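With the hints in hand, could you dock these two chains into one complex?
First to last, the protein sequences are chains A and B. What the first sequence shows, in the numbering used here, is residues 1 to 139, in sequence order. What the second sequence shows, in the numbering used here, is residues 1 to 443, in sequence order.
Just so you know, these hints were derived from the structure itself, not from any lab. Treat each hint with caution, since some may be false.
Said to hold, decoys possible - Below, computed lysine-lysine pairings styled on DSS-like, alpha-carbon distance capped at 30 Å:
id : chain 1 : residue 1 : chain 2 : residue 2
1  : B       : K237      : A       : K5
2  : B       : K366      : A       : K118
3  : B       : K362      : A       : K120
4  : B       : K237      : A       : K45
5  : B       : K429      : A       : K134
6  : A       : K4        : B       : K207
7  : B       : K429      : B       : K29
8  : B       : K3        : B       : K46
9  : A       : K118      : A       : K45
10 : A       : K51       : A       : K118
11 : B       : K67       : A       : K134
12 : B       : K144      : B       : K55
13 : B       : K207      : A       : K51
14 : B       : K179      : B       : K207
15 : A       : K120      : B       : K321
16 : B       : K362      : A       : K4
17 : B       : K237      : A       : K67
18 : B       : K207      : A       : K134
19 : B       : K366      : A       : K120
20 : B       : K321      : B       : K366
21 : A       : K5        : B       : K207
22 : B       : K366      : A       : K134
23 : A       : K134      : B       : K362
24 : A       : K118      : B       : K362
25 : B       : K321      : B       : K55
26 : B       : K362      : A       : K58
What the hints assert, rightly or not - Pulled a few chain A residues facing chain B out of the computed Cβ check, cut under 8 Å:
id : residue
27 : K5
28 : G18
29 : E22
30 : T26
31 : F31
32 : L79
33 : H81
34 : G100
35 : Y104
36 : L119
37 : V126
38 : Q127
All values derive from a computational prediction rather than experimental measurement. A virtual CB, placed ideally from N, CA and C, is assigned to each residue, including glycine.
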Amino acid sequence: MTTKKTLNMITQRAIEEGIAMEIGKTSREYFDACNIIEMNAQDMKELGIMKNTNVHVKSESGEVIVKAVVGRQTCYPGLCHIRQGVWANQVVPPRTQSTGAPQYSGFPVTVEPAPDEKLKSALELVQGAVGLWKGEQHA
Amino acid sequence: MPKIIENVGCPYCGCSCDDVRVTVSDDGKEILEVENVCAIGTEIFKHGCSKDRIKLPRMRQPDGSMKDISYEEAIDWTARHLLKAKKPLMYGFGSTNCEGQAAAARAMEIAGGMLDNCATICHGPSFLAIFDNGYPTCTLGEVKNRADVIVYWGSNPAHAHPRHMSRYSIFPRGFFTGKGQKKRTVIVIDPRYTDTANVADYHLQIKQGHDYELFNAFRMVIHGYGNDLPDEIAGIKKETILEVAEIMKNARFGTTFFGMGLTHSDGRNHNIDIAISLTRDLNKVAKWTIMAMRGHYNIAGPGVVWSWTFGFPYCLDLTKKDHAHMNPGETSSVDMAMRDEVDMFINIGTDAGAHFPIPAVKQLKKHPWVTIDPSINMASEIADLHIPVCICGVDVGGIVYRMDNVPIQFRKVIEPPEGVMDDETLLNKVADRMEELIAKGEA
Numbered sequence: 001m002t003t004k005k006t007l008n009m010i011t012q013r014a015i016e017e018g019i020a021m022e023i024g025k026t027s028r029e030y031f032d033a034c035n036i037i038e039m040n041a042q043d044m045k046e047l048g049i050m051k052n053t054n055v056h057v058k059s060e061s062g063e064v065i066v067k068a069v070v071g072r073q074t075c076y077p078g079l080c081h082i083r084q085g086v087w088a089n090q091v092v093p094p095r096t097q098s099t100g101a102p103q104y105s106g107f108p109v110t111v112e113p114a115p116d117e118k119l120k121s122a123l124e125l126v127q128g129a130v131g132l133w134k135g136e137q138h139a
Numbered sequence: 001m002p003k004i005i006e007n008v009g010c011p012y013c014g015c016s017c018d019d020v021r022v023t024v025s026d027d028g029k030e031i032l033e034v035e036n037v038c039a040i041g042t043e044i045f046k047h048g049c050s051k052d053r054i055k056l057p058r059m060r061q062p063d064g065s066m067k068d069i070s071y072e073e074a075i076d077w078t079a080r081h082l083l084k085a086k087k088p089l090m091y092g093f094g095s096t097n098c099e100g101q102a103a104a105a106r107a108m109e110i111a112g113g114m115l116d117n118c119a120t121i122c123h124g125p126s127f128l129a130i131f132d133n134g135y136p137t138c139t140l141g142e143v144k145n146r147a148d149v150i151v152y153w154g155s156n157p158a159h160a161h162p163r164h165m166s167r168y169s170i171f172p173r174g175f176f177t178g179k180g181q182k183k184r185t186v187i188v189i190d191p192r193y194t195d196t197a198n199v200a201d202y203h204l205q206i207k208q209g210h211d212y213e214l215f216n217a218f219r220m221v222i223h224g225y226g227n228d229l230p231d232e233i234a235g236i237k238k239e240t241i242l243e244v245a246e247i248m249k250n251a252r253f254g255t256t257f258f259g260m261g262l263t264h265s266d267g268r269n270h271n272i273d274i275a276i277s278l279t280r281d282l283n284k285v286a287k288w289t290i291m292a293m294r295g296h297y298n299i300a301g302p303g304v305v306w307s308w309t310f311g312f313p314y315c316l317d318l319t320k321k322d323h324a325h326m327n328p329g330e331t332s333s334v335d336m337a338m339r340d341e342v343d344m345f346i347n348i349g350t351d352a353g354a355h356f357p358i359p360a361v362k363q364l365k366k367h368p369w370v371t372i373d374p375s376i377n378m379a380s381e382i383a384d385l386h387i388p389v390c391i392c393g394v395d396v397g398g399i400v401y402r403m404d405n406v407p408i409q410f411r412k413v414i415e416p417p418e419g420v421m422d423d424e425t426l427l428n429k430v431a432d433r434m435e436e437l438i439a440k441g442e443a
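Same shape as in the complex, but just chain B (with noise of 0.2 Å):
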């Protein structure tokens, strides 16, 4: 008879839904049914389970061809080439649970090399600016029983985090906020009419990149200066920007959610160092929070995982061996790549050669490039070897961290093709191997 297991997480974006519902089949191999899920959730647990999944690394021929080996093989060149590898980098861990990040960092103290995780080319910019000025945060819990007035400043839910307005922002009925949306204001700040601003009271459609005069604006009407501001602001008009800061001034409860729209954009941590500014002023007068719209389900795990180990989130520099390094910059991913500072790669749980500007991909790709992923992938289709793994929040379990930073612990619904293993045995079987061929003299 087909199981019904209750109260699933969901290895999609940072809202790490853990109310999914999964029917499985009897024999635990197949899924017949999900529900609580959106869309791409859906096809993530749709693909567990496709025939088509990679069962065995498959390393690249000289012809370009890819044929399949064995695991000990795959372990084996990872790790001396690891070994034999200056600068070597590891980056990715989107799609990995915290047990896989550890096991990574495990391994890059013993090649003495980059670590790095998406959050370098998302959230890293958040990350400067938090430590900069600070993070008045909150759980998205305390949201959904408390928030009033939500504001969503570029980043677009509706199409990048499916389920956050339903289940913690503006629909869900709270314990203070039992109306639901109807007792609670949404100020959507962005260039675009997304289908967020479509939902929202207010859309502001601010000109791109202008974000810091806009957050200038608003910490200028707080602070009592609001008829000094010029007629137009970054394309918004004087009395909506009045208007807009008399609401922020009254709620009982505001948040802003904050996205790719200030990270991305000139200014980047600068406009996420001003955004938590004018939290800060709001708190003089109302209550106000803020929170990174984090784009993976565990992007917040490299975080938090990597900070008690080394000191730091990301960007992380092991070369020394014995004291961790981050100066993002000098560190970080894609600069190290421009500059062609890194002889070997390892892309694990995400898909630089899609998501990278392509002259980076180009650069790292000179030297050898191992790409750890359970799909076929960009970077599994230009890498030298592609070794799959399981899925974590399918067919295996682990901890993962939430956009607020709250853990979860997700289990598995189904059991992985026969054979393959998950990130954290992989990279902890490299390390093994690593510090074999160190014993053995041959590294």
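Chain A extracted, bound-state conformation (with noise of 0.2 Å):
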């Protein structure tokens, strides 16, 4: 069994995200929908988790609590995706090939477990990035 494990990660639209985004971002919706990393259940394995546990998520622009799943669109091993918002943008690298649009898709992570670490919220991940965050009183 590793602890760690190197993976492709990608981040694309999930309906369940495209939902929760217009109810709200700020919403339970909206965290419950976008803070879970889907991987191959292989990975898992070697990873030594069950689903729902919660993992590290480390690439070469940040790091990320997320929660493990499988998930019904299922990834082969090795390729892993958060769905896009908050979540991923935590780790997406800013590099755009000179066109202007980010490394969404295929950048390398680190992923291992971490049943003890707490998922932050939306608000808490981009305010406390800009150093506004108060607290939950914003919540």
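Next up, the structure:
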């Protein structure tokens, strides 16, 4: 059993994320829809985690805690997907190959189990990144 | 008595469905029911008549809280900061009508700033490929009425364009496609087994980021060199490639719909470039077209409006005042943010706070940040000034361009909350105020 794995990450739209986004990005629905990482069952087994275990995802440009699931739209071993939105964008590299479009698809991340870490809300992540987070009263 | 409004446009994805049926209350203030609309569109209409709509601009205070101010104050603050900034950037327009986009062009020309739209992080690479290699496309009506082979490459309409398959591509019965889905072959090329792949006849589970090789393989087959292919390319077996290429060659009318899977992966515009080349090759033996799966209901709009205004669809540099200039990589929003080149940011009709990589958000937040949006979102919650506006297609009408560049007149179905301005009015007032300040010598 390994404790850390390097996977190839992509981030795209999911209908659950689209609906939740229109309900509101500070809503519970958005939180539930977007803070998950979908990966192959084999990769989860190798990491020694069960579904819904929190994991620490780290890329060249950032890190985030998300919840690991297999998901209905399955990935092959070595590929993982975080739905587009606040959690994914904590780790998406801003490099654009001189086109303006960031590297949303296909960048290496390391994933390791973090069952004791807490998931952060969208507001905490974004306001926290720019020094505006004042605790839960804003949530 | 409740009023039923037929053929209303939906302000969500690039499908820009214009067959929505909306039932509104007697006083025209509340939406009671929406029909012919996907789950996401339903939420937009529901939000339109929500009691929680923001009705006044909000200015961030030194303690971090937000305080209501008048529209006049918000317009004056924005105009003064635009004039003060050396290189302000206005970005967004995914959810704005063409009238608003034209007013934005006017405002940023006066301010001498940068003007960019969501294409910069979505189909911008597609624009670059289209400039280089042409765009043998068609309308969605032609797809519905003629297409017998549909390819979705790097796109997942089941999630991102929920009515695309039922309204235009796979399921509808058209003039020459009377049997609908039964007579259509659907090919999905995606590294994930998506819900779209689930309804396809062929799912080619490509190795992520290796699209260029697979396009090349298809081109080899079309050019008659299929036997020279190695046993496997980009994770796809040679036999499968030959079988699918045969279907493509025998299409009566084929369409390739491509999405973010190509524009966000390594290669960017080159992936689209070769997709267009494959379409050209296929046109020697069959009839093929190609179309970008544009994300928002009017994200094709700024490309059209600014092309006729300035000659370029996105990444516009208007700082020279007397001529426009475009050079993605240099004048694109995320690249400028990462080099900390812009000294004011206006986020309109999108949410850069949630959808830009966080390092870019941090850079932009070093400077004054204005968010123009009907909703509370990440961009509004970190903004120095949040100005609420009407929702196009719900409480203001306007022209929108569908993903196939067909213009559609959207209508308003309910009255906006009292006092709330639409994008066009607001941006024209900002432009007027800048002209006043320049005339008074206060700029």
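Quick one, are B:K321 and B:K366 close enough, alpha carbons at most 30 Å?
Holds, at roughly 25 Å.
For the pair supplied as a hint, A:K5 and B:K207, confirm whether the alpha-carbon distance does not exceed 30 Å.
holds (18 Å)
Restraint status (C-alpha distance of B:K207 to A:K51 at most 30 Å):
Between B:K207 and A:K51 the Cα gap is close to 25 Å, so the pair holds against 30 Å.
Does the alpha-carbon distance linking A:K120 and B:K321 stay inside the 30 Å limit?
Since the Cα atoms of A:K120 and B:K321 sit roughly 44 Å apart, the hinted pair is violated (cutoff 30 Å).
Holds or violated: are the alpha carbons of B:K237 and A:K67 at most 30 Å from each other?
violated (34 Å)
Assess, step by step, whether the Cα of B:K207 is no farther than 30 Å from the Cα of A:K134, and give holds or violated.
violated (43 Å)
Quickly compare the C-alpha distance for A:K118 and A:K45 to 30 Å and report which way the hint goes.
holds (22 Å)
Are the Cα atoms of B:K67 and A:K134 separated by 30 Å or less?
holds (17 Å)
With the threshold set at 30 Å, check whether the alpha-carbon distance from B:K362 to A:K120 stays at or below it.
holds (18 Å)
Check whether the Cα positions of A:K4 and B:K207 lie no farther apart than 30 Å.
holds (22 Å)
For B:K362 and A:K58, compute the direct alpha-carbon distance and say whether it is at most 30 Å.
holds (18 Å)
Have a go at the A:Y104 hint: is there a Cβ in chain B nearer than 8 Å to its own Cβ?
At about 4 Å, which falls below the 8 Å cut-off, the nearest Cβ of chain B leaves the hint on A:Y104 intact, so it holds.
Hints 5, 12, 14, 15, 17, 18, 25, 27, 31, 36 from the list above are not met by this structure, while the remaining hints are.
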